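Chemist: Sequence:
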Amino acid sequence: MAFGRWAASHVWRFFVKQQQLGITLIEMMIVVAIIGLIASFALPAYHEHTMKARFAELNSISNTYKTAVALCYSESNDLSVCDAGSHGIPGPADPTDNLAAGMTVIDGVITMTGTEAAGGWTSVMTPSLSSSGGTLVWSQSGTCLEKGACK
Numbered sequence: 091m092a093f094g095r096w097a098a099s100h101v102w103r104f105f106v107k108q109q110q111l112g113i114t115l116i117e118m119m120i121v122v123a124i125i126g127l128i129a130s131f132a133l134p135a136y137h138e139h140t141m142k143a144r145f146a147e148l149n150s151i152s153n154t155y156k157t158a159v160a161l162c163y164s165e166s167n168d169l170s171v172c173d174a175g176s177h178g179i180p181g182p183a184d185p186t187d188n189l190a191a192g193m194t195v196i197d198g199v200i201t202m203t204g205t206e207a208a209g210g211w212t213s214v215m216t217p218s219l220s221s222s223g224g225t226l227v228w229s230q231s232g233t234c235l236e237k238g239a240c241k
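Using this note's numbering, the first residue of the sequence shown is number 91, and each one after it goes up by one.
The hints are simulated quantities; they were obtained by calculation from the structure and are not laboratory data. Treat the hints with care, since some could be wrong.
[Said to hold, decoys possible] Cβ-Cβ distance ranges computed for the label pairs, FRET-style:
hint, residue 1, residue 2, range
1, Trp228, Ile113, 55 to 63 angstroms
2, Gly210, Thr157, 23 to 31 angstroms
3, Glu147, His177, 20 to 28 angstroms
4, Ile125, Gly224, 57 to 65 angstroms
5, Leu127, Leu161, 53 to 61 angstroms
[To be verified] Heads up, simulated DSS-like pairs for lysine-lysine below, C-alpha to C-alpha not over 27 angstroms straight-line:
hint, residue 1, residue 2
6, Lys142, Lys156
7, Lys156, Lys237
8, Lys237, Lys142
Only a predicted model underlies this, so the values are computations on that prediction, with no experimental measurement involved. Here a beta-carbon is modelled for each residue, glycine too, at the ideal position from N, C-alpha and C.
Please take these sequences and the hints and turn them into a complete structure.
Modeler: Right, here's the structure in full:
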């Protein structure tokens, strides 16, 4: 009888009281699937955000050109002479890997085009005289407005 009682208690412990020591393959697959689903929504939004950030850097580069155009106008009182490479305005920006595919200044109008990594959008900054006639007022147009990538 003692043997029967011993065997029954060990069988009961083995099959009934065995504790789980880890996670199952199914649980792991469910976690991986959930992470994949979250990533599939997050990556496109991250990509769009990255392009907007790169284009925002292009907009900040344009501030140098805006200052130079304003100085050119204050010295000459004529926007038609305010071109890239003359009257203290920097020459056209060189294309960079992640930012500018091109940047020009013609008659005080600053045109920037981003690379594909920066969205490929364009921004056109056009100066005009304020109502008082003493200062320049800038207006911005281009494809960057549709995507909300302009300032």
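Chemist: Hint by hint, note whether the structure agrees.
Modeler: To see whether the hints hold, each was checked on the structure:
no., hint, in the structure
1, Trp228 - Ile113: 55 to 63 angstroms, "holds, 59 angstroms"
2, Gly210 - Thr157: 23 to 31 angstroms, "holds, 26 angstroms"
3, Glu147 - His177: 20 to 28 angstroms, "holds, 26 angstroms"
4, Ile125 - Gly224: 57 to 65 angstroms, "holds, 59 angstroms"
5, Leu127 - Leu161: 53 to 61 angstroms, "holds, 54 angstroms"
6, Lys142 - Lys156, "holds, 21 angstroms"
7, Lys156 - Lys237, "holds, 23 angstroms"
8, Lys237 - Lys142, "holds, 8 angstroms"
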